[in-house]
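From just these sequences and the hints, can you work out the full model?
2 protein chains.
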Amino acid sequence: MFSLKESEKAEENFIVPYNGHITKKHRQKLNGHKSFVLWFTGLPSSGKSTIAHKVELELYKRGIKTYVFDGDNIRTGLNKDLGFTEKERDENIRRIGEVIKLFIDAGLVVLTAFVSPLRKHREYVKSLLEDGEYIEIYVKCPAEKCAERDPKGHYEKAKLGIIKNFTGVDGPYEEPQSPDLVIETDKLSIDESVMAVLSFLKNKSLIP
Amino acid sequence: MFSLKESEKAEENFIVPYNGHITKKHRQKLNGHKSFVLWFTGLPSSGKSTIAHKVELELYKRGIKTYVFDGDNIRTGLNKDLGFTEKERDENIRRIGEVIKLFIDAGLVVLTAFVSPLRKHREYVKSLLEDGEYIEIYVKCPAEKCAERDPKGHYEKAKLGIIKNFTGVDGPYEEPQSPDLVIETDKLSIDESVMAVLSFLKNKSLIP
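Chains A and B, in that order, give the protein sequences.
If you're matching positions, the first sequence starts at 1 in the numbering used here and goes up one per residue.
If you're matching positions, the second sequence starts at 1001 in the numbering used here and goes up one per residue.
Hints in this document: simulated from the structure, not taken from any laboratory.
Careful: at least some of the hints might be erroneous.
Stated by the list, open to error - Part of the chain B face toward chain A, derived, beta carbon under 8 Å:
no.	residue
1	Y1060
2	Y1067
3	E1098
4	K1101
5	L1102
6	P1117
7	P1172
Said to hold, decoys possible - 30 Å max Cα-Cα, derived DSSO-like pairs, lysine-lysine:
no.	chain 1	residue 1	chain 2	residue 2
8	A	K29	A	K126
9	B	K1034	A	K61
10	A	K152	B	K1101
11	B	K1061	A	K34
Note that this is a predicted model, so its numbers are computed, not measured.
Cβ atoms here follow ideal geometry from the backbone N, Cα and C, with glycine treated the same way.
So this is what it looks like as structure tokens:
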């Protein structure tokens, strides 16, 4: 049974639900941690998804409530009606941003693994959220290195012109200008990359 | 620090993350409860939202991780691009269903307070989820009673023809054929209604 200490009640009167409505603050209190998004951005095959899932595992071991968004659960569900025109890419990011906002409101730590090559898209998501809730992690790796490790052969197909507008080959990637963290995956191992994220979160007191 | 008992590890090998991927089962384990949706359906002003929020408060007190969806957080965010044509109502429900699926995957107990007058819409949401994850609660109340307590005067405006296609006046409401629970809010108080939901959840072993 969860209950608040009397001192907490006195200190933080937001914790008394108004009209029966539980808020983000209540949920963060119940979970024992803040809620925010770790927005991993970078070229295809730079390691975003691998790192995000392994960071999630480490957070899970620490009792932190998490959720990972990537193409697998977004493009096959909520956004399965959307293609890849400019307008549809805008709408794809808009919906992702709105859903992340709901998850953060629900008290969860969200991790996303989208290439998200355009600065305007990343800034849009940030604008939807409160200060400090959007944490940008640039997973940096030269395109040639990404192409070498590409398990699906997308880079090869893009070079041959079979796939058009592929980020890193003939599609633009706008590097983050002031990311909260940069992970250089051509220099760090996966485990070192994960540790870098965890150290960052600890230093910022975002996790215990 | 969260960790599994050795006996649990032996018993349930799904709990060993595959390739670093945390699943719904892991999250339910961490939260200490199952995840599902309590889908409240009923006429406008039947009491859906009031009951859903008060049930959430009671679940919160018991340490259960919850989230409430209603027009306030859906129509102003994720679905703010949608109007009220038949096609847009379909899309509204489709997206709500997909987002609920993600929340259930994240291990949360979701409560929704939408009129959701059409059977096909409710069945669609159910079809997206796994067996037992969709729990339909019919908040039943005669339209005349709902009109009396309507704080926004919508029933009055609908009767005067100012609002068209208003459920309970000139818009259809298809009653649930086999709801998991019926709450008659013209007979029960709010507190009694909330208790009925909690008793149901306890009886089904969905909450401790």
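* **Agreement of B:K1061 and A:K34 with the hint, judged by alpha carbon distance not exceeding 30 Å** => It holds: about 19 Å lies between the C-alpha atoms, which stays within 30 Å.
* Is the shortest C-beta separation between B:Y1067 and chain A less than 8 Å? -> OK, holds: B:Y1067 within 8 Å of chain A, min 4 Å.
* Asked: Do the numbers back the hint for B:E1098, that is, is its least Cβ distance to chain A under 8 Å?
  -> holds, 4 Å
* Asked: Taken at face value, is the distance from the CA of B:K1101 to the CA of A:K152 at most 30 Å?
  -> Holds. A:K152 to B:K1101 sits at ~28 Å (cutoff 30 Å).
* Identify whether the interface hint at B:L1102 stands, where standing means a beta carbon of chain A within less than 8 Å of its own. => Interface hint status for B:L1102: holds (7 Å vs cutoff 8 Å).
* 30 Å limit on alpha-carbon distance, applied to hinted pair A:K29 and A:K126 -> holds, 23 Å
* Going by Cβ atoms only, is B:Y1060 closer than 8 Å to chain A? -> holds, 5 Å
* Hint check: is the beta carbon of B:P1117 less than 8 Å from a beta carbon of chain A? -> The hint is violated - B:P1117 has no Cβ within 8 Å of chain A, the shortest such distance being about 23 Å.
* To do: Would you settle whether the hint for B:K1101 is holds or violated, based on the nearest Cβ-Cβ distance to chain A being less than 8 Å?
  => It holds, given that the least Cβ distance between B:K1101 and chain A is near 7 Å, below 8 Å.
* To do: Take a quick look at whether B:K1034 and A:K61 sit within 30 Å of each other, Cα to Cα.
  => It holds: about 19 Å lies between the C-alpha atoms, which stays within 30 Å.
* Asked: Is the interface hint for B:P1172 satisfied, with its Cβ closer than 8 Å to some Cβ of chain A?
  -> Nearest chain A Cβ about 26 Å off; hint violated.
When held up to the earlier numbered hints, the structure conflicts with 6, 7 and fits the remainder.
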